[in-house]
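Trainee: Kindly generate the complete structure, drawing on both the sequences and the hints.
Listed in order, the protein sequences are those of chains A and B. Following this note's numbering, the numbering of the first sequence begins with 1 at its first residue and continues without gaps. Following this note's numbering, the numbering of the second sequence begins with 1 at its first residue and continues without gaps.
Be careful, since some hints might not be right.
Okay, the calculated beta carbon distance ranges per label pair [said to hold, decoys possible]:
hint, chain 1, residue 1, chain 2, residue 2, range
1, A, LEU50, B, ARG135, 16 to 26 Å
2, B, SER171, A, ILE121, 44 to 54 Å
3, B, LYS246, A, PRO253, 31 to 41 Å
4, B, SER172, A, PRO253, 31 to 41 Å
5, B, ARG135, A, TRP32, 42 to 52 Å
6, A, TYR268, B, ASN73, 36 to 46 Å
7, A, LEU109, B, ASN294, 21 to 31 Å
8, A, SER211, B, ASN294, 43 to 53 Å
9, A, SER46, B, LEU188, 47 to 57 Å
10, B, ILE136, A, LEU109, 22 to 32 Å
11, A, ILE173, B, ARG135, 29 to 39 Å
12, A, SER224, B, PHE250, 38 to 48 Å
Keeping only pairs whose Cα atoms sit at most 30 Å apart, straight-line, the calculated DSBU-like set for lysine-lysine is [as the list claims (entries may be wrong)]:
hint, chain 1, residue 1, chain 2, residue 2
13, B, LYS126, B, LYS251
14, B, LYS61, B, LYS76
15, B, LYS128, A, LYS39
16, B, LYS251, B, LYS2
17, B, LYS232, B, LYS128
18, B, LYS126, A, LYS39
19, A, LYS165, B, LYS61
20, B, LYS246, B, LYS232
21, B, LYS201, B, LYS232
I should point out that these hints are in silico values taken from the structure, not numbers from a laboratory. None of the values given here were measured: they were computed from a predicted structure. Note that the Cβ used here is the ideal one computed from N, Cα and C, for glycine as well.
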Amino acid sequence: MEHKKVEMKTKQEHILKPNKWSRFWNNICRNWYYFSRNKLSVLGLSIVVLVILLAIFAPYMTPYPQHASSFVDFKNAGQPPSATYWLGTDPIGRDIFSRIVFALRGALLMSIVVLAIAVPIGTILGLIAGFYYRTIIDTIIMRISDIFLSVPSLVLALAIAAVLKPNMMNAMIAVTVMWWPWYTRMVYGMASSIRNEYFVVAAQLNGASSSYILFREILPNCLSPVFTKMALDVGWVLIISASLSFVGLGEQPPTPALGQMVSDGSRYLPELWWMCIFPALAIVVTILGFNLFGDGVRDMLQSSR
Amino acid sequence: MKLGQFILRRLLLGIFVIIGLSILIFTISRVIPGDPARLALGPRAPVEVVEQLRQELYLDKSLPVQYWIWLTNVMKGDFGRSLVTRRSVVVDIREYLPATLELVFFTAIIMVFLAILLGAVAARNKDKWVDSLIRIFAYVGVSIPAFVLAVFFILIFGYAWPILPVLGRLSSQLSIPRVTGFMVLDALIAGKLNIAWDAFKHLILPAFALALGPAFQEARITRSSMVDNMNKDYISAERGYGFSEKIIMFKYLLRPSLIPTVSVMGMDIAATIGNAFLVELIFNWPGISRYGINAMLYKDLNAISGTVLIIGLVFVLTSIIVDIIVSFLDPSIRLRGIREGENGT
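Mentor: In structure tokens form, the structure reads like this:
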């Protein structure tokens, strides 16, 4: 069996090798053509790139990186937006722009961690449930995912985050715990229909092991919707994480978080309106960017298929 | 009848889900680090008192036994006592739930109205500026969390242009005897129109904050399914018969086009119950969500499990009702008991 697999692989490589890079480049060009047909997707992509760059290089791109922690400067407290403080300062003199950028950093980190854990778990569970369609394994996995989907995700995440200690780590755990079922359900639907395709049956007849069929035959055919959903989900995770931190269950002060900044700012309305409006706008623009980008990815994968 | 079978199956699944949810909630509330009895009494309580409470709460028994005791109590409608309000959780829920249901109900009405109206307008004016405008609003609507919209509303209607009340359910000088807990309904029962109007005005902003985002998205769905159906043969046939566009639109085109909208709307209304958590907080709305948040911040386990279970119940009931509505719209369910194109994402 081992033997056969190795042989198959070399054969495939032999076919691809001569023009592997040019094929790769062609693929990129073609996908970029499909992606850039919609100007909104390009706008989304630029927002996403900008936000990611800001997040990565936050200490170098913000005017006052030290303001993202417990910093006090009463002389410049409550300044309106100006040339020195682009988006104004809060009642203890911290620059709102710097804090927003650092908050974006935390929010993006959270989205990445949540999706990096939830997506593989959800996908593998969905694969297994779909492969063992209408067996006890299918029933157990799918009914458990039904239970998780039976409460509004925000409520469950709030409940989990609340019984644990309120911090970033536990907020991530809470969101991850309620995120996997969506992927399980989606992959389950695809896997349970792909398992009857001829190429899977052929592999089975050749004596391929279950894990080979699951990961080498079925999984590659489920991946593009999974990636599409991931691109669209970044925005949702951002909403949920902002909501958690709005209630005080995310990142704890003095570390900034977007929801927390909006909730703090709303206490100083209407005098210090910039404290509340700008973090809120940052949330909206970031999520909008990721949603437009996700839509673009979906259209791209659909039309290039 | 096939429809009966369909509803029965949904109900059984709903019951199963609720039982599973109760296990999940129980696990969450018991597996947390720390001793619930110690948590309830605080660090300075003497050991004997803590031990006594542990026995009262059956914390010395094994987990399955604890679950069974908890479940039988819940079945009897006893979630235990809230640590914050010092009252029975059921009494608290009974007091706060109607406010949330009232809000969710109005949100749903706004959603239905906007989704159908805007969707039809966009489909009629396909690729014109109205259509583009609704598309832009839909993009922004998906990207704007309900609580951010609520904060914007407070800023606009609380400070810049104060034409609507932004806090609470009723102006402070008014009061109304509680009959159903639905403020507008109570006022109408008492025959006091001015109070009903006041309560209604308090509803507008929170309900719109919850409804606007999803409504535009649903309008998009209505629009695209109407556009799809517009090119079907039966519509051309009706045009050939000389029916007016209005009759075609509202009598023949709308009903089949609403199936996907209603399915999505059901999920959105259910999600509204979750979003209401934050919006109620912002508008100082005395609903179950605000109660739940307070419970969560004070680690009030009985209240948390009660709230989450009740919300799960409302959620499951909503989805069953939506399925029944969809089955009336979609003959393939009524006749065969299954939905076509299940497993859609």
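Trainee: Evaluate each hint against the coordinates.
Mentor: So, going through the hints one by one against the coordinates:
Range check, LEU50 (chain A) to ARG135 (chain B): about 23 Å between beta-carbon atoms, so the 16 to 26 Å window is met. Checked against the hint of 44 to 54 Å, the C-beta distance between SER171 (chain B) and ILE121 (chain A) comes to roughly 50 Å, which is consistent with it. Restraint check, LYS246 (chain B) to PRO253 (chain A): a C-beta distance of roughly 57 Å breaks the suggested window 31 to 41 Å. At about 32 Å, the beta-carbon gap between SER172 (chain B) and PRO253 (chain A) stays in the expected band of 31 to 41 Å.
The hint said 42 to 52 Å for the Cβ distance between ARG135 (chain B) and TRP32 (chain A), and at roughly 24 Å that hint is violated. TYR268 (chain A) and ASN73 (chain B) have their C-beta atoms about 45 Å apart, which keeps the hinted 36 to 46 Å range intact. Distance hint check: the CB atoms of LEU109 (chain A) and ASN294 (chain B) are about 29 Å apart, consistent with the given range 21 to 31 Å. With their beta carbons about 49 Å apart, SER211 (chain A) and ASN294 (chain B) fall inside the hinted range of 43 to 53 Å.
Against the hinted window of 47 to 57 Å, the Cβ-Cβ separation of SER46 (chain A) and LEU188 (chain B) comes to about 53 Å, which satisfies the hint. With their beta carbons about 30 Å apart, ILE136 (chain B) and LEU109 (chain A) fall inside the hinted range of 22 to 32 Å. Against the hinted window of 29 to 39 Å, the Cβ-Cβ separation of ILE173 (chain A) and ARG135 (chain B) comes to about 37 Å, which satisfies the hint. With their beta carbons about 39 Å apart, SER224 (chain A) and PHE250 (chain B) fall inside the hinted range of 38 to 48 Å.
Restraint check for LYS126 (chain B) and LYS251 (chain B): satisfied, since their Cα atoms lie roughly 19 Å apart, inside the 30 Å limit. For the given pair, LYS61 (chain B) sits about 21 Å from LYS76 (chain B) by alpha-carbon distance, which is consistent with the 30 Å threshold. The suggested pairing of LYS128 (chain B) with LYS39 (chain A) holds, with an alpha-carbon distance near 18 Å, which does not exceed 30 Å. Using a Cα cut-off of 30 Å, the hinted pair LYS251 (chain B) and LYS2 (chain B) holds, with the two alpha carbons roughly 26 Å apart.
Between LYS232 (chain B) and LYS128 (chain B), the direct Cα distance comes to roughly 22 Å. Compliance with the 30 Å bound is thereby established for this hinted pair. Taken as a hint, the LYS126 (chain B) and LYS39 (chain A) pair is honoured in the structure, with Cα atoms around 19 Å apart against an allowance of 30 Å. Proximity of LYS165 (chain A) to LYS61 (chain B) is assessed by CA-CA distance (about 26 Å); at most 30 Å being required, the pair is judged to hold. About 17 Å separates the Cα atoms of LYS246 (chain B) and LYS232 (chain B), which keeps this hinted pair within 30 Å; it holds.
The hinted pair formed by LYS201 (chain B) and LYS232 (chain B) fails the criterion: a straight-line CA distance of about 43 Å is larger than 30 Å.
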